[in-house]
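K.L.:
Go by the hints and put chain B onto chain A.
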Amino acid sequence: MPVSDPEKLIAKADKLTKLSLTRWSADWRNATLLYEEAANLFRVAKKNEKAKEAFEKASKGQEMLSSPWDAAKDMESAAALAKELGNWNEVSDFYRRASELYMECGRPQPASDALVKAARALEDTIPDAAVQLYNEASAILEEDGKEQMTFDLYCAASSVYVKLEKYSAAATSLLQLGLAADKCNATNSQCKAYLGAIIVYLYAHDFKQAEKCYNDCSQVDAFLRSHQNRCASKLLSAHTEGDIEEIKRLAQSSTVSNLDHVVIKLARKLPTGDVSAVKTDAAKEEEEPLDEDDLT
Amino acid sequence: MTVIDLVMRVDSICKKFDKYDVDKQKNLNAAGDDAFARLYSVVEADLDAVLQKSEAAKIEKSRATAVATNAEIRRTKARLLEEIPKLQRLAFKQVKGLSKEEREARSDLVAALKDRIEAVADGNISAAKQGGDSAPSASYGGIKFGSTYDGRFDDDYFQQTEESDQFRQEYEMRRMKQDQGLDVISEGLDALKNMAHDMNEELDKQVPLMDEIDDKVDRATSDLKTTNVRLKDTVNKMRSSRNFCIDIILLVIILGIVSYLYNVLK
Numbered sequence: 001m002p003v004s005d006p007e008k009l010i011a012k013a014d015k016l017t018k019l020s021l022t023r024w025s026a027d028w029r030n031a032t033l034l035y036e037e038a039a040n041l042f043r044v045a046k047k048n049e050k051a052k053e054a055f056e057k058a059s060k061g062q063e064m065l066s067s068p069w070d071a072a073k074d075m076e077s078a079a080a081l082a083k084e085l086g087n088w089n090e091v092s093d094f095y096r097r098a099s100e101l102y103m104e105c106g107r108p109q110p111a112s113d114a115l116v117k118a119a120r121a122l123e124d125t126i127p128d129a130a131v132q133l134y135n136e137a138s139a140i141l142e143e144d145g146k147e148q149m150t151f152d153l154y155c156a157a158s159s160v161y162v163k164l165e166k167y168s169a170a171a172t173s174l175l176q177l178g179l180a181a182d183k184c185n186a187t188n189s190q191c192k193a194y195l196g197a198i199i200v201y202l203y204a205h206d207f208k209q210a211e212k213c214y215n216d217c218s219q220v221d222a223f224l225r226s227h228q229n230r231c232a233s234k235l236l237s238a239h240t241e242g243d244i245e246e247i248k249r250l251a252q253s254s255t256v257s258n259l260d261h262v263v264i265k266l267a268r269k270l271p272t273g274d275v276s277a278v279k280t281d282a283a284k285e286e287e288e289p290l291d292e293d294d295l296t
Numbered sequence: 001m002t003v004i005d006l007v008m009r010v011d012s013i014c015k016k017f018d019k020y021d022v023d024k025q026k027n028l029n030a031a032g033d034d035a036f037a038r039l040y041s042v043v044e045a046d047l048d049a050v051l052q053k054s055e056a057a058k059i060e061k062s063r064a065t066a067v068a069t070n071a072e073i074r075r076t077k078a079r080l081l082e083e084i085p086k087l088q089r090l091a092f093k094q095v096k097g098l099s100k101e102e103r104e105a106r107s108d109l110v111a112a113l114k115d116r117i118e119a120v121a122d123g124n125i126s127a128a129k130q131g132g133d134s135a136p137s138a139s140y141g142g143i144k145f146g147s148t149y150d151g152r153f154d155d156d157y158f159q160q161t162e163e164s165d166q167f168r169q170e171y172e173m174r175r176m177k178q179d180q181g182l183d184v185i186s187e188g189l190d191a192l193k194n195m196a197h198d199m200n201e202e203l204d205k206q207v208p209l210m211d212e213i214d215d216k217v218d219r220a221t222s223d224l225k226t227t228n229v230r231l232k233d234t235v236n237k238m239r240s241s242r243n244f245c246i247d248i249i250l251l252v253i254i255l256g257i258v259s260y261l262y263n264v265l266k
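In the order they appear, the protein sequences are chains A and B.
Last residue of the first sequence? That's 296 in UniProt numbering, and every number before it is there in order.
Last residue of the second sequence? That's 266 in UniProt numbering, and every number before it is there in order.
Bound conformation, chain A alone:
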């Protein structure tokens, strides 16, 4: 199709929507149809910039026609084109708008899907915005009571946090995964999430946090009775004893290999830093109570 046609369609549609002396009310129905046609033609002709603008106008038209579903769909197409163009701010804005429109329709699932698409697009370029989008998407799903869908989101959020080296935030996401899994009685995912959180803390060389986390998680029945619990306790005891061989052997074991990719990579890199320092800390703590007892 020649390029001039979609331009003419856009011009016609613009004329239909501009109010003037001869036109007292904008004809959104026809205008929206023309915008959508033009946008598709642009997309086929690979004129992404123009196609994006056409989709934006089409979406606005659909809003005027009070069909938020179609408006959201057009917004999503615009956002996908913005992604190809690399306008990251526009990507996140468009997807957010699309998500709001979906919520207007009362369909929280497509809303959170839109946010997830945005997060995936922004993962490499603006990871901070990406985690925020993941968290918002998880919040929407949890409000709707669909915690099962949130597992993947929390996993992705925690891997982005690990890339950003915000290890405590990554571990917190994994614990939230565990919470969601608990509500759905998905014990396997829950235990894997807890083991993952403990490994993240150990990787960040935060042994105290890892121990506290382990103590907390042991109070959950499902975790207590699982493989992952044993693996975690062995890891922690290997750390206290400074047994590097044992740590490496555990990291190769099948329990750890069944976890998420990112967590496996962290586990294989254990032990970080000086394991013997951890050992001396633990030993010092044991000596102090002995001193008190010596006050005979």
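These aren't lab readings, by the way, just hints derived from the structure by calculation.
A virtual CB, placed ideally from N, CA and C, is assigned to each residue, including glycine.
Hints should not be assumed to be uniformly reliable.
Not the full set, but computed from the structure, chain A residues with beta-carbon under 8 Å of chain B [to be verified]:
1. E63
2. S67
3. Q176
4. L179
5. D216
6. Q219
7. N258
P.N.:
Leaving out everything else, chain B in the frame of chain A:
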């Protein structure tokens, strides 16, 4: 009684009757110039929020929620403890309209705040680690192959000939190979178990989705049925045999009239 104790008591009394203190409410807005006061109030507000969360976590019945809340509390505590050095530095700065005693009181305030932050409970209870260890060993120790061989054959009871030596060596080799084979099988079984668990959870996830699809398809089917019935009625009305016969009879009458006229005119 130290200054810290005094300060803390006065603080708690003031907080209790804060809403009656009109002047203080006005001054809260005026404390905007003083960086220390601002930061202090922000940290204190955060600390109160954390305390509330820790109280909630204590009475929380669901352990998993408690775990997640405790992790959040710990993160917030770490963040607040980072703010404390900043506060201390601000406390030593000279601000206009502040006497020397008040400056010293401020550094005491900062120390008291630090103690309060660290005193927030974050569920740090050491759990029964032993409980986890004993159960699995009971379940896995029970699998014993009926082997009474423990590596020692008393040399008093028999003498080794070459044949029996070779036999024992062969036995050892085969036993080692069997152990290796069993290890491989066990790893494979682990992988299978993990996959099976994941499949189970995936199917559980899909059950509500299938229910939704079911509902929607049911609605669509009933809509289609009604539409079909109406369409059939309309088509029948259009093509009903009565109309057809009427059409044919009228056509015949018209032809008859035309032929009569033709004959008359001829």
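K.L.:
All hints are to be evaluated individually against the structure, with a verdict given for each.
P.N.:
We went through each hint and held it up to the structure:
1. E63: Since the shortest Cβ distance to chain B is 25 Å, the answer is violated.
2. S67: violated (19 Å)
3. Q176: Interface hint status for A:Q176: holds (6 Å vs cutoff 8 Å).
4. L179: At about 4 Å, which falls below the 8 Å cut-off, the nearest Cβ of chain B leaves the hint on A:L179 intact, so it holds.
5. D216: holds (4 Å)
6. Q219: Cβ of A:Q219 sits 5 Å from chain B, so the hint holds.
7. N258: Result: holds, 4 Å to nearest chain B Cβ.
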